[in-house]
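Sequences listed follow chains S and W, in order. My numbering applies: residue 565 is where the first sequence begins, and numbers increase by one. My numbering applies: residue 78 is where the second sequence begins, and numbers increase by one.
There could be a bad hint or two in this list.
Claimed, not checked - EDC-like mimics (lysine to aspartate or glutamate), calculated; alpha carbons at most 20 Å apart, straight line: (1) S:749 to S:738; (2) W:210 to S:640; (3) W:210 to S:869; (4) S:764 to S:781; (5) W:188 to S:660; (6) S:748 to S:820; (7) S:567 to S:869; (8) S:881 to S:587; (9) W:222 to W:200; (10) S:686 to S:675; (11) W:188 to S:737; (12) S:749 to S:703; (13) W:188 to S:869; (14) S:885 to S:869; (15) S:713 to S:703.
Keep in mind the hints are simulated off the structure, nothing from the lab.
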Amino acid sequence: MIKRILVANRGEIAVRIVRACKDLGLQSVVAFSEADRNTLAVRLADHSVCVGPAQSALSYLNIPNIISAAILTRCDALHPGVGFLSENADFATAVEAAGLIFIGPRPETIELLGSKLHARAKALEAGLPITPGSDSLPDLASAKKWAAKLGYPVILKASAGGGGRGMRIIRKEEQLESNLALAKKEALLFFGDDCIHMEKFLERPRHVEVQLLGDGDGQVIHLGERDCSVQRNHQKLLEETPSPILDNTLRAQMTEASVTLFQNLRYRGAGTVEFLVEDGAFYFMEVNARLQVEHPISEAISAMDLVAEQIRIASGKGISKRQEAISFSGYSLECRLNGLGAGLITRFDLPAGPHVRVDTFLQEGMTLSPYYDSLLAKIIVTAPTRKEGIDRMLRSLGEVCIEGIPTNLEEQKMIIASAQFRSGRFGTDLYETLCVKEITHV
Amino acid sequence: MSPMLYILKLPMKNLNDLTVEELLHLFESSTLSEFEVANGEQTLRFVRGTGAPNPPPVIEAPKKKADDLEVITSPIVGTFYLTPAPDAPPYVRVGSTVNTADTLCTIEAMKLMNTLEAEFSCEIVEILAQPEKMVEFGQPLFAVKRI
Chain S
565 MIKRILVANR
575 GEIAVRIVRA
585 CKDLGLQSVV
595 AFSEADRNTL
605 AVRLADHSVC
615 VGPAQSALSY
625 LNIPNIISAA
635 ILTRCDALHP
645 GVGFLSENAD
655 FATAVEAAGL
665 IFIGPRPETI
675 ELLGSKLHAR
685 AKALEAGLPI
695 TPGSDSLPDL
705 ASAKKWAAKL
715 GYPVILKASA
725 GGGGRGMRII
735 RKEEQLESNL
745 ALAKKEALLF
755 FGDDCIHMEK
765 FLERPRHVEV
775 QLLGDGDGQV
785 IHLGERDCSV
795 QRNHQKLLEE
805 TPSPILDNTL
815 RAQMTEASVT
825 LFQNLRYRGA
835 GTVEFLVEDG
845 AFYFMEVNAR
855 LQVEHPISEA
865 ISAMDLVAEQ
875 IRIASGKGIS
885 KRQEAISFSG
895 YSLECRLNGL
905 GAGLITRFDL
915 PAGPHVRVDT
925 FLQEGMTLSP
935 YYDSLLAKII
945 VTAPTRKEGI
955 DRMLRSLGEV
965 CIEGIPTNLE
975 EQKMIIASAQ
985 FRSGRFGTDL
995 YETLCVKEIT
1005 HV
Chain W
78 MSPMLYILKL
88 PMKNLNDLTV
98 EELLHLFESS
108 TLSEFEVANG
118 EQTLRFVRGT
128 GAPNPPPVIE
138 APKKKADDLE
148 VITSPIVGTF
158 YLTPAPDAPP
168 YVRVGSTVNT
178 ADTLCTIEAM
188 KLMNTLEAEF
198 SCEIVEILAQ
208 PEKMVEFGQP
218 LFAVKRI
């Protein structure tokens, strides 16, 4: 039985988890850094514990302090949120060793999926197509051999990597030598492991992911897909579901294969399988063994509460519904409002009204901290169709007024209002295409 | 017993004609416990010292942190102990003097006893955290005076 949960995160996701706790009648304790003392999650939670200074490495990544805070405030479970320690197998192990329930996958699942090469092998076993690619590249000679076999362009990836870090696109053989050395250096720096592998690079793919829930015993359901193709430097800007480019056959193939993968893993909790889709074919990319920032759009079309399900599964009660009992309806779109600089927010008007959800942790008079990521708020709209959803998002963004710090609001409006976005036919390069156009217009 | 609060909204002209001294006299000769005047730009508030039920925090020597006092805070989250063992004498007491690297307390975290050592020679003026209770990061533990 879970009665009190330590929330080991910050920002809008910490607020989201505290709210889920309240909805479920559970107590919450927020572990926070000195920079976050006056944020919404700390205010809403039943208790809070300062676990370190502003720098994440000393607070939100401080495993001993976070676990001590959980034990000393008598929590029985810990929710890692997204980012920070959420996909750290050592952390999950330490949490369980301390006698606490880790609200997430088993440590060994996190470990396995954390290695892209292992994850690709597992995906192949489950019958998921993967982008053609190499094993670990020991030297330049093997890199050259693989690149010739795959055909340029290719992409070098840190096997332990993620979040767009440590990736390098190679278009010609001459670029290979210097980029391989750099990629190895970066991989060692960011991920503590210089293992690099190579994959065929897709020029204009779509990024589509499938949301799954597993009970840890082989029961797995999916909550449909999310299309996250609108990105800037591999950071997602807009997410929508259903994807405008999947037909029912492709959707069924992708969701069924994902369910099989999670069944094979006896996956516990919420997780996402990410795919690249190009020309009607899909390729497994990686598994995110945690909750995702963009989870609300899946909640919107499936009437499920993903955080509540995570807690339920962690308590050993399994998933609340079987696949057949889930009915998908309508369309949902999420827009991430980001700060383009830190500072005091002097005005913070966000949208409301029918079928509009806003997830944020900020209020007027608060400061966007320079120490953390720049997400200000997530605006999520729901509508019967994609067209109505886009119109509702534009209406919602028209209600936004943020002063004191620069934001990406106008950029987001421009993308959503563009003919390309409305058409549904674009690749992950939409941002660059539109922004370059914008600059040439000026 | 919360004192009554009167806010007098005086016409700006009248208020500006009065000096702070005159206002103070006005307040002293009144029976008001609190008195606030504002002219749109500035607010002036007088509060009368109340009697026994709510004594204002005056001369409480240790809590009044003088400039020469420094506060040692907890570097980790854990349980605060002043003694090395339940029945042992404490590392420090109020009035103790310690040298650099002397142990001040232990903080138990994840079954490890972490000793906190003095970074400079000092006199313990006050112990600010409760023994055997949780301390969080940055929580004040000791008020000390450098020697």
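Status of each hint after checking the structure:
1. Restraint check: the Cα-Cα separation between residue 749 of chain S and residue 738 of chain S comes to about 19 Å, which is no more than 20 Å; the hinted pair holds.
2. A hinted pair counts as satisfied when its Cα atoms are at most 20 Å apart, and residue 210 of chain W with residue 640 of chain S qualifies at roughly 19 Å.
3. A distance of roughly 36 Å separates the Cα atoms of residue 210 of chain W and residue 869 of chain S; the hinted pair therefore is violated under the 20 Å criterion.
4. Distance restraint check for residue 764 of chain S and residue 781 of chain S: the Cα-Cα separation of roughly 35 Å exceeds the 20 Å cut-off, and the hinted pair is therefore not satisfied.
5. The straight-line distance between the Cα atoms of residue 188 of chain W and residue 660 of chain S is roughly 15 Å, inside the 20 Å bound, and the hint therefore holds.
6. The straight-line distance between the Cα atoms of residue 748 of chain S and residue 820 of chain S is roughly 35 Å, outside the 20 Å bound, and the hint therefore fails.
7. Under the criterion of a C-alpha separation no larger than 20 Å, the hint pairing residue 567 of chain S with residue 869 of chain S is consistent with the structure, at around 18 Å.
8. In summary, the hint linking residue 881 of chain S to residue 587 of chain S is supported, as the alpha carbons are separated by about 17 Å, within the 20 Å threshold.
9. Restraint check for residue 222 of chain W and residue 200 of chain W: satisfied, since their Cα atoms lie roughly 5 Å apart, inside the 20 Å limit.
10. Between residue 686 of chain S and residue 675 of chain S, the direct Cα distance comes to roughly 13 Å. Compliance with the 20 Å bound is thereby established for this hinted pair.
11. For the hint linking residue 188 of chain W to residue 737 of chain S, the alpha-carbon distance of about 55 Å lies beyond 20 Å, and the restraint is violated.
12. Straight-line distance between C-alpha atoms of residue 749 of chain S and residue 703 of chain S comes to about 13 Å, which keeps the hinted pair within the 20 Å bound.
13. In summary, the hint linking residue 188 of chain W to residue 869 of chain S is not supported, as the alpha carbons are separated by about 36 Å, beyond the 20 Å threshold.
14. For the hint linking residue 885 of chain S to residue 869 of chain S, the alpha-carbon distance of about 11 Å falls within 20 Å, and the restraint holds.
15. For the proposed pair residue 713 of chain S and residue 703 of chain S, the alpha carbon gap of about 16 Å is at most 20 Å, so the pair holds.
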